[in-house]
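Protein chains: 2
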Amino acid sequence: MEKPYVLGIDIGGTNTVFGVVDARGTILYSGSIKTGKYEEINDYVAALAEGLQGVIAQAGGKDKIKGIGVGAPNGNYFSGCIEFAPNLPWKGTIPLAELISEKVGIPVALTNDANAAAIGEMTYGVARGMKDFIVITLGTGVGSGIVIGGNLVYGHDGFAGELGHVIVRREHGRLCGCGRYGCLETYASATGVARTARELLINRTDESLLRSLNPDEITSKDVFDAAQKGDQLSLEIFNITGKILGEAFADFVAFSSPEAIILFGGLAKSGDLLMKPIKEAMEKNMLKVFQGKTKLLFSQLKESDAAVLGASALGWEIKEAVEI
Amino acid sequence: MEKPYVLGIDIGGTNTVFGVVDARGTILYSGSIKTGKYEEINDYVAALAEGLQGVIAQAGGKDKIKGIGVGAPNGNYFSGCIEFAPNLPWKGTIPLAELISEKVGIPVALTNDANAAAIGEMTYGVARGMKDFIVITLGTGVGSGIVIGGNLVYGHDGFAGELGHVIVRREHGRLCGCGRYGCLETYASATGVARTARELLINRTDESLLRSLNPDEITSKDVFDAAQKGDQLSLEIFNITGKILGEAFADFVAFSSPEAIILFGGLAKSGDLLMKPIKEAMEKNMLKVFQGKTKLLFSQLKESDAAVLGASALGWEIKEAVEI
Numbered sequence: 002m003e004k005p006y007v008l009g010i011d012i013g014g015t016n017t018v019f020g021v022v023d024a025r026g027t028i029l030y031s032g033s034i035k036t037g038k039y040e041e042i043n044d045y046v047a048a049l050a051e052g053l054q055g056v057i058a059q060a061g062g063k064d065k066i067k068g069i070g071v072g073a074p075n076g077n078y079f080s081g082c083i084e085f086a087p088n089l090p091w092k093g094t095i096p097l098a099e100l101i102s103e104k105v106g107i108p109v110a111l112t113n114d115a116n117a118a119a120i121g122e123m124t125y126g127v128a129r130g131m132k133d134f135i136v137i138t139l140g141t142g143v144g145s146g147i148v149i150g151g152n153l154v155y156g157h158d159g160f161a162g163e164l165g166h167v168i169v170r171r172e173h174g175r176l177c178g179c180g181r182y183g184c185l186e187t188y189a190s191a192t193g194v195a196r197t198a199r200e201l202l203i204n205r206t207d208e209s210l211l212r213s214l215n216p217d218e219i220t221s222k223d224v225f226d227a228a229q230k231g232d233q234l235s236l237e238i239f240n241i242t243g244k245i246l247g248e249a250f251a252d253f254v255a256f257s258s259p260e261a262i263i264l265f266g267g268l269a270k271s272g273d274l275l276m277k278p279i280k281e282a283m284e285k286n287m288l289k290v291f292q293g294k295t296k297l298l299f300s301q302l303k304e305s306d307a308a309v310l311g312a313s314a315l316g317w318e319i320k321e322a323v324e325i
Numbered sequence: 002m003e004k005p006y007v008l009g010i011d012i013g014g015t016n017t018v019f020g021v022v023d024a025r026g027t028i029l030y031s032g033s034i035k036t037g038k039y040e041e042i043n044d045y046v047a048a049l050a051e052g053l054q055g056v057i058a059q060a061g062g063k064d065k066i067k068g069i070g071v072g073a074p075n076g077n078y079f080s081g082c083i084e085f086a087p088n089l090p091w092k093g094t095i096p097l098a099e100l101i102s103e104k105v106g107i108p109v110a111l112t113n114d115a116n117a118a119a120i121g122e123m124t125y126g127v128a129r130g131m132k133d134f135i136v137i138t139l140g141t142g143v144g145s146g147i148v149i150g151g152n153l154v155y156g157h158d159g160f161a162g163e164l165g166h167v168i169v170r171r172e173h174g175r176l177c178g179c180g181r182y183g184c185l186e187t188y189a190s191a192t193g194v195a196r197t198a199r200e201l202l203i204n205r206t207d208e209s210l211l212r213s214l215n216p217d218e219i220t221s222k223d224v225f226d227a228a229q230k231g232d233q234l235s236l237e238i239f240n241i242t243g244k245i246l247g248e249a250f251a252d253f254v255a256f257s258s259p260e261a262i263i264l265f266g267g268l269a270k271s272g273d274l275l276m277k278p279i280k281e282a283m284e285k286n287m288l289k290v291f292q293g294k295t296k297l298l299f300s301q302l303k304e305s306d307a308a309v310l311g312a313s314a315l316g317w318e319i320k321e322a323v324e325i
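Quick mapping for you: the protein sequence lines, in order, are chains A and B.
Just so we're aligned: the first sequence equals residues 2 to 325 in this note's numbering.
Just so we're aligned: the second sequence equals residues 2 to 325 in this note's numbering.
Chain A with its partners taken away, still in its complex shape (with noise of 0.2 angstroms):
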């Protein structure tokens, strides 16, 4: 009998969502828990476990579903674990792929967010019939996922794909949360938007909207705003950060030679405000042979449901490898 869905799981660090997933990409079933509230794994375990049979039962049984996917900060592919992330309750190594297979009885797969989002682009997204294509999400920090001749890019460890932290400024860099100076994140993030604009506001004078606010509090949304009302030093930020932005894609462009480079995440809604000069410094920089021919795209999945699909979109890759 065909199994009509997949199921995916998008865990943050305050909430994890999951749901029932057609072909198509549309979510049918879907439900929620809190991540933050279970210090232990076993206790998360259980409770997700009690949510996923709940849009199960809704979708007819385990038997509608052909696998289930799973997108977490620090996910390992090859290993099914989530590995020292920061930003969850759970210390040390995690094997949740196994831990949640064994208690639904699906098989398990499970990568980082970033790769999710790939997948999930290439499953139902602007990048359907791509081969090569990099997704850039642009968050609280910088992610990638690398799809290349079909596939994702998992590396010799299952950890390849942090572009985030690549070196974009080897002298007077600014700190990372990596330990290291001078990555892509520290800048192009929307903490990095955040930081770009402190850093404006103290070393110049010029008048801006940006002035009336607290710089300490300062967002890239805050930012945004500005720059949307014509505020020259907010729209100079986003031209800073797309730059940045631009001459470091030329490099990814040198490496595999994307047909379509695929912005994902809050900052990317910023439109052309950061897509203008992204493209501008992209070009500018780019080896010959390799220029006008890479797309700039944004993700068009609706971002409440993105990391869901993403992750779900692993769900459909289980059930090819099964079948080889």
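Treat the hints with caution; some may be incorrect.
For identical chains, the list gives no copy identity; a pair is met inside one copy or between any two copies.
[Claimed, not checked] Straight-line Cα separation of at most 25 angstroms, SDA-like style, residue types lysine to any residue; simulated pairs: (1) Lys280 x Gly140; (2) Lys277 x Ala60; (3) Lys294 x Met131; (4) Lys244 x Arg170; (5) Lys65 x Thr192.
Hints are computed from structural coordinates only; laboratory data are not their basis.
In this text, all values refer to a predicted model and were calculated from it rather than measured experimentally.
Chain A is fixed; fit chain B onto it per the hints.
Then chain B, alone, in the frame of chain A:
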């Protein structure tokens, strides 16, 4: 009847070398022609075909040859063309794979020289059994061949893997042959090493064996010889070169997390002089999750044979494609 051999052709600006190779990577019969002698591509192909007929006859006829692999500067795997190669006599786009295959009656695959080196390492060299690795060729320029999941990375257009042209110095970078500034190649190639030597000799006043040479004629070999004799300035040139390579490698690892990075080409013969500072800088600049995992290796293929072996390995792949 099983075909026991492949034929490899390495096209350089000066010579074109070719050889019949068996499954163990032994070059059984070989020959060469002068590339530069033929201004007309048809004359070149005619002369090459004549040379190939010779070794094919020695091997027992074309029924013994599974396929022909060609490694050429600016060779595109997808199109089988050499496209705008600055160091070859023929301008524009040359459909070389087709031209050779028509003349000789054996299927031909073509790629650039660095990709051929990577396939050679995977088939006959230190990368046997590896599915994820990067070959960096350190010659007059810096090239790269990237293997992910056992497949060479060609990108959506066939031009992926231009790691010699990632930008390692965004400010005050050296002018590259590609027209941009700060490319890895301008520092880490043999000519880059000579440039570093000239720069240090001008900017500093300390004694060095290199000061007895005409600065305009210094080569990386001169720097190597002086370093071998303990010349401090020359040792420092290798440290600078290795540091820049190691920093770049740390970023490459963040992309594809390879099991190994393999050094190939003239400059790779510098051994520990280069390897030590590369390793140090790579580990120091690597994201924690990758530290201590990526092997740094030298190609073990005999340099005179490596280019032909690498190209020939592509010949086995054609066979596979036909079999499907």
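Going through the hints against the structure:
1. Taking identical chains as interchangeable, the C-alpha atoms of Lys280 and Gly140 lie at most 25 angstroms apart only when both belong to the same chain, with a minimum of 19 angstroms there against 33 angstroms between chains.
2. With identical chains, the CA atoms of Lys277 and Ala60 are never at most 25 angstroms apart, being 43 angstroms at best within one copy and 59 angstroms at best between copies.
3. Only within a single protomer do Lys294 and Met131 lie at most 25 angstroms apart by alpha-carbon distance; the minimum there is 14 angstroms, versus 31 angstroms between protomers.
4. Within a single copy, Lys244 and Arg170 get their C-alpha atoms as close as 13 angstroms, and across copies as close as 15 angstroms, so both meet the 25 angstroms cut-off.
5. Taking CA atoms no more than 25 angstroms apart as the test, Lys65 paired with Thr192 passes in neither setting, with 41 angstroms inside one copy and 62 angstroms between copies.
Against the hints set out earlier in the document, violations occur for numbers 2, 5.
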